[in-house]
Amino acid sequence: MSKIRISKRTIDALLPRDKPYVAYDEGLTGFGVRVMPSGTKTYIVEYRPGSGGRGIRSVRLSLGPHGILTPEEARKLARDRLADVRLGNDPAAKRRLERATLTLAEVANLWMAEAVTPKLAAGTAALYRLYLDKHILPALGSRKINVVTSAEVDRLHAGLGKANKRATANRILATLSGLFSFAAKRHLVPAGFSNPTRGIEKFGEESRERYLTTDELQRLGGILRTAETVGLSWEPDPDRPTAKHAPKEANRREVYSPHVTGAVRLLLFTGCRLREILHLRWTEVDFERGLLFLPTSKTGRKTVVLNAPALAVLSALPRAGSYVIASSDPAKPRRDLKRPWAAITRAAGLPGLRLHDLRHSFASVGAGGGLGLPIVGKLLGHAQVSTTQRYAHVDADPLRRASERIGTTIAAALDGTPSADVVPFEKAKA
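1 is the number of the first residue of the sequence shown in my numbering; add one for each residue after it.
What the hints contain is simulated information worked out from the structure, not anything from laboratory work. Check before you lean on any hint, since a few could be wrong.
To be verified - Heads up, simulated DSSO-like pairs for lysine-lysine below, C-alpha to C-alpha not over 30 angstroms straight-line:
| id | residue 1 | residue 2 |
| --- | --- | --- |
| 1 | Lys185 | Lys119 |
| 2 | Lys3 | Lys76 |
| 3 | Lys302 | Lys338 |
What the hints assert, rightly or not - The following label-pair restraints were derived from C-beta to C-beta distances:
| id | residue 1 | residue 2 | range |
| --- | --- | --- | --- |
| 4 | Pro236 | Ala105 | 37 to 47 angstroms |
| 5 | Thr40 | Asn146 | 23 to 33 angstroms |
| 6 | Lys162 | Arg95 | 33 to 43 angstroms |
Glycine included, C-beta positions come from ideal geometry on N, C-alpha and C.
Can you make the complete structure from the sequences, with help from the hints?
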């Protein structure tokens, strides 16, 4: 076992041999340089973990290559590691643990595969994936899951808030909270690990709920009738090169299919979410009992009570495949209603109205008419209703009466003859 006074001159003088060997420092026990047959030289430190008795096998820890580290820097690292050992720690075991610890990106993929995709609705899983890919992983994905700090999470959250994305910032905070909870349950972080999202205050959010008034319902109903008969006018995009070849204004009208206008009416008459209507199959419609049996929704299996106007819309829709709202491909559901909805709201003078606001409008008519929030909640399929919700198709009488009143009121408004039976939400609040 050769010993030298480790310095740049003495290390440079070390020549490679047929087998690796270590030249130890004569001043600091355990500190040395490993020389490989290739000529590569690496600083090391050796120690006996625990009590350090001779019965314990020594451990060799690499400090870094000669040339990247100077002898002085390597000597300091060796002293620090040896001091850590004297305190009862094992730097090599700690390094092995760190190497075995998963990154946040790796845990995120496990979380999506085991806790999100198989257990939550497809739309929810897609939203989590979007938050991860667009915001979380670029900022924190390469970090080991056990070293992500509250300050880093807070920085990500605050940055989105400054970019006027407060709602997104709050959703990302909730996403990370779920991810770290999963990591703790799977023992992917040390015992006692503190969830770094804890204590970070969410941004205040303005309510985005909007309720259609009777006048707005009448305007929307008129435009729907126009859209499916004579069509809605459209303007060419001036930024497109084909704009100069667009038809004359008198010929620029688009007639929308009954599936488009039918989807909008069904959203109003049922209070369903957009995907629940776009992904609805004919096999899930029970005309005899007036029910929809949705196998999946945001809150799991769901039974929807249909009122007479909703049944009328469904009966009038032409069947063009397995899905109620047909797309260009009969084997696939329609992806969205963005383009036709933009044209409909523009023509109706309802800027900013979202398709989800039709669900709010359904609820507002019921609540404003004094039907009671528990009944309205059952009709909407809210998660906080009684567990007997799964038997709604058995005990449907009170739900059917409520659904009929809501549907009749909305249908009358769409036809331009508002019913006095149920008070619209805005009047109920007055």
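Verification of the supplied hints:
1. Lys185 <-> Lys119: holds (16 angstroms)
2. Lys3 <-> Lys76: holds (18 angstroms)
3. Lys302 <-> Lys338: holds (25 angstroms)
4. Pro236 <-> Ala105: 37 to 47 angstroms: holds (45 angstroms)
5. Thr40 <-> Asn146: 23 to 33 angstroms: holds (32 angstroms)
6. Lys162 <-> Arg95: 33 to 43 angstroms: 38 angstroms Cβ-Cβ, so the 33 to 43 angstroms window holds.
Hint compliance for this structure: every hint is met.
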